[in-house]
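Asks: Listed here are the chains, written in short residue letters.
Protein chains: 2
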Amino acid sequence: MKLATIKNGKRDGQLVVVSCDLRHCLPVPGIAPTLQAALDDWEAAAPQLQRAYEALNAGAGTDAQPFDEAACHSPLPRAYQWADGSAYINHVELVRKARNAEVPASFYTDPLMYQGGSDSFVGPRDAIYALSEEWGIDLEAEVAVITGDVPMGATPETAAGAIRLVMLVNDVSLRNLIPNELAKGFGFFQSKPASAFSPVAVTPDELGAHWQDNKVRLPLRVDLNGKPFGRPNAGEDMTFSFAQLVAHAARTRELAAGTIVGSGTVSNKQGSLHGSSVENGGVGYCCLAEVRMYETIEGGAPKTPFLKFGDTVRIEMHDDAGRSIFGAIDQTVRHYEEKAR
Amino acid sequence: MKLATIKNGKRDGQLVVVSCDLRHCLPVPGIAPTLQAALDDWEAAAPQLQRAYEALNAGAGTDAQPFDEAACHSPLPRAYQWADGSAYINHVELVRKARNAEVPASFYTDPLMYQGGSDSFVGPRDAIYALSEEWGIDLEAEVAVITGDVPMGATPETAAGAIRLVMLVNDVSLRNLIPNELAKGFGFFQSKPASAFSPVAVTPDELGAHWQDNKVRLPLRVDLNGKPFGRPNAGEDMTFSFAQLVAHAARTRELAAGTIVGSGTVSNKQGSLHGSSVENGGVGYCCLAEVRMYETIEGGAPKTPFLKFGDTVRIEMHDDAGRSIFGAIDQTVRHYEEKAR
Numbered sequence: 359m360k361l362a363t364i365k366n367g368k369r370d371g372q373l374v375v376v377s378c379d380l381r382h383c384l385p386v387p388g389i390a391p392t393l394q395a396a397l398d399d400w401e402a403a404a405p406q407l408q409r410a411y412e413a414l415n416a417g418a419g420t421d422a423q424p425f426d427e428a429a430c431h432s433p434l435p436r437a438y439q440w441a442d443g444s445a446y447i448n449h450v451e452l453v454r455k456a457r458n459a460e461v462p463a464s465f466y467t468d469p470l471m472y473q474g475g476s477d478s479f480v481g482p483r484d485a486i487y488a489l490s491e492e493w494g495i496d497l498e499a500e501v502a503v504i505t506g507d508v509p510m511g512a513t514p515e516t517a518a519g520a521i522r523l524v525m526l527v528n529d530v531s532l533r534n535l536i537p538n539e540l541a542k543g544f545g546f547f548q549s550k551p552a553s554a555f556s557p558v559a560v561t562p563d564e565l566g567a568h569w570q571d572n573k574v575r576l577p578l579r580v581d582l583n584g585k586p587f588g589r590p591n592a593g594e595d596m597t598f599s600f601a602q603l604v605a606h607a608a609r610t611r612e613l614a615a616g617t618i619v620g621s622g623t624v625s626n627k628q629g630s631l632h633g634s635s636v637e638n639g640g641v642g643y644c645c646l647a648e649v650r651m652y653e654t655i656e657g658g659a660p661k662t663p664f665l666k667f668g669d670t671v672r673i674e675m676h677d678d679a680g681r682s683i684f685g686a687i688d689q690t691v692r693h694y695e696e697k698a699r
Numbered sequence: 359m360k361l362a363t364i365k366n367g368k369r370d371g372q373l374v375v376v377s378c379d380l381r382h383c384l385p386v387p388g389i390a391p392t393l394q395a396a397l398d399d400w401e402a403a404a405p406q407l408q409r410a411y412e413a414l415n416a417g418a419g420t421d422a423q424p425f426d427e428a429a430c431h432s433p434l435p436r437a438y439q440w441a442d443g444s445a446y447i448n449h450v451e452l453v454r455k456a457r458n459a460e461v462p463a464s465f466y467t468d469p470l471m472y473q474g475g476s477d478s479f480v481g482p483r484d485a486i487y488a489l490s491e492e493w494g495i496d497l498e499a500e501v502a503v504i505t506g507d508v509p510m511g512a513t514p515e516t517a518a519g520a521i522r523l524v525m526l527v528n529d530v531s532l533r534n535l536i537p538n539e540l541a542k543g544f545g546f547f548q549s550k551p552a553s554a555f556s557p558v559a560v561t562p563d564e565l566g567a568h569w570q571d572n573k574v575r576l577p578l579r580v581d582l583n584g585k586p587f588g589r590p591n592a593g594e595d596m597t598f599s600f601a602q603l604v605a606h607a608a609r610t611r612e613l614a615a616g617t618i619v620g621s622g623t624v625s626n627k628q629g630s631l632h633g634s635s636v637e638n639g640g641v642g643y644c645c646l647a648e649v650r651m652y653e654t655i656e657g658g659a660p661k662t663p664f665l666k667f668g669d670t671v672r673i674e675m676h677d678d679a680g681r682s683i684f685g686a687i688d689q690t691v692r693h694y695e696e697k698a699r
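The listed protein sequences derive, respectively, from chains A and B. Going by our numbering, the first sequence opens with residue 359, and the numbers climb by one from there. Going by our numbering, the second sequence opens with residue 359, and the numbers climb by one from there.
Just so you know, not all the hints are guaranteed correct.
Copies of the same chain look alike in the list, so a pair counts if it fits in one copy or across any two.
What the hints assert, rightly or not - Below, computed lysine-lysine pairings styled on PhoX-like, alpha-carbon distance capped at 25 Å:
no., residue 1, residue 2
1, 697, 365
2, 697, 368
3, 365, 455
4, 627, 542
5, 666, 368
6, 455, 542
7, 697, 627
Honestly, the hints are just simulated from the structure, not real lab data. The structure presented is a predicted model; accordingly, all values stated were derived computationally and were not measured.
Work out the full structure: start from the sequences and follow the hints.
Replies: Following this line, the structure appears as structure tokens:
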């Protein structure tokens, strides 16, 4: 089934079931007012939501409304946990290569993961707000899952069974703040502002055969200012599956229902700068930092600038028939003063 | 006023107003069912909660119940954000001195802060669960505040005005997992399992003159296995006030109501290993790591072990008359298998 959260003036919005073709939706206040409420009591809520979804797809009932992606908040407008992995080691290899450093061997067996802020996500069609372009504003297109409760020390098999929903993410990163912040030793904080998630979150079964080994085996479609920028397959070169990422997060503590675990920037192994861009036949990139790393490796310095105010980022994923699965994240970078006005 | 959350079988528990002397409490479902709900609509809820608090203290009404700290969950059983600073630079200085390293000059002007997990806190009288003593289980006794909404780029003055409540924390840390995790560069994750907070959260005015410059100028009382272990003054040697810590957290993003910001391990400047312990007239320590650092600096290696299964930790703060302000965190370390049983 497919679920979304419609903005209604409240902090958690209103849960709706969305038709498979993303054309209609149905509020389900009798089942759960919000997505977090449904996740809190998933065993009871999920079968009812599934029935509502099937009825909506069959055109039954009269309460269906047109579904408007622009009216959506992120599926969880705020969450109790956002833990973002870095499962595409190719991305890490490029980072290291650009600064002439080796990738530690442990990185291939022990996932990188950071604790992200989850108190107020951005809607999929809302602006990326920043106070300065000098922060080095970058997108990071990723896949993420939402889990149920997970016990401490869960195996990847147990973790796999706790995966409830899949969605897309734009994990906005402030590149120019990262070096100083990581040098302090406590990880990202100011360099990771609010993320945005796709309008729709779907159960893994919606992905059919493309949900394989707890990975999503489909191309992620990233456009920058209306032009194709990335088309990497999210199922390829993913060193750690979502089951492994969730188990990593749960090694020393329980995870509570509604925990979001991200894949990290999707990144496929490619050759050179020239051949890796979409226009030259490559699969492109899911963040500006990656093309800048190719530029650094080959030319000694990055050339492509980070995002400027007015730039747009679109992140989407299509099924085999070219239909959008999750709806599109589509954001414009804006100065925070415009929001305050 | 004083607020607490009573366990009621639901994930967020039930909000109660607690009498100043911690003897009685009053459910306030007509005002807000949970503390998060009150924080979400603080302008409306706070005056009503204050009136209920005053009536409870005056002995008015008949719905008052005996207040039982052992029936409490953490004031926010789960939160949308837990950002923990490291405001007592003495602690950082000892960490560095123990490994013969300098403290970077920027650490005195730019706070250390990490994003903690907030999906499922531990109750103040619940066990500290771990799967292995080999993890190096340690307490960290701290003070924390809960904020309302804070705009991006807020000044310390604006941040100060957004501080809603104050409470105590045991920020459990797994010391033996920290070096490898920080070496990976993404900060703490597995090394910071679930924290526990004091039974009661109080508005800053409850601290009277002891809430000064957005610091709590009172000794934090830490007992280990029933013996005094730490008595440092939380208002001394705090390099960054809570206003500064909240502003740091908000530099590049908005903070949503219910954000918890911690002080980091309370630590006062002292002299030597001998003189710093409570039994020798010092103010002691708020974590085992600190006494181990003194041992390393003076003897080349730590001697004091980390926590073992069965060890107990008690964290409290008294007013001038010796009365508990927040109630006591009082936890026993246990193997997670005991919970699963």
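Asks: Work down the list of hints and note, for each, if the structure agrees.
Replies: Do the hints match the structure? See the list:
1. 697 / 365: within (17 Å within a copy, 39 Å between copies)
2. 697 / 368: within (18 Å within a copy, 36 Å between copies)
3. 365 / 455: neither (43 Å within a copy, 52 Å between copies)
4. 627 / 542: Between. Shortest inter-copy distance 22 Å satisfies the 25 Å Cα cut-off; intra-copy 31 Å does not.
5. 666 / 368: Result: close neither inside a copy nor across copies, 31 Å intra and 45 Å inter.
6. 455 / 542: both (22 Å within a copy, 16 Å between copies)
7. 697 / 627: Classified as neither: same-chain Cα gap 39 Å, cross-chain 44 Å, threshold 25 Å.
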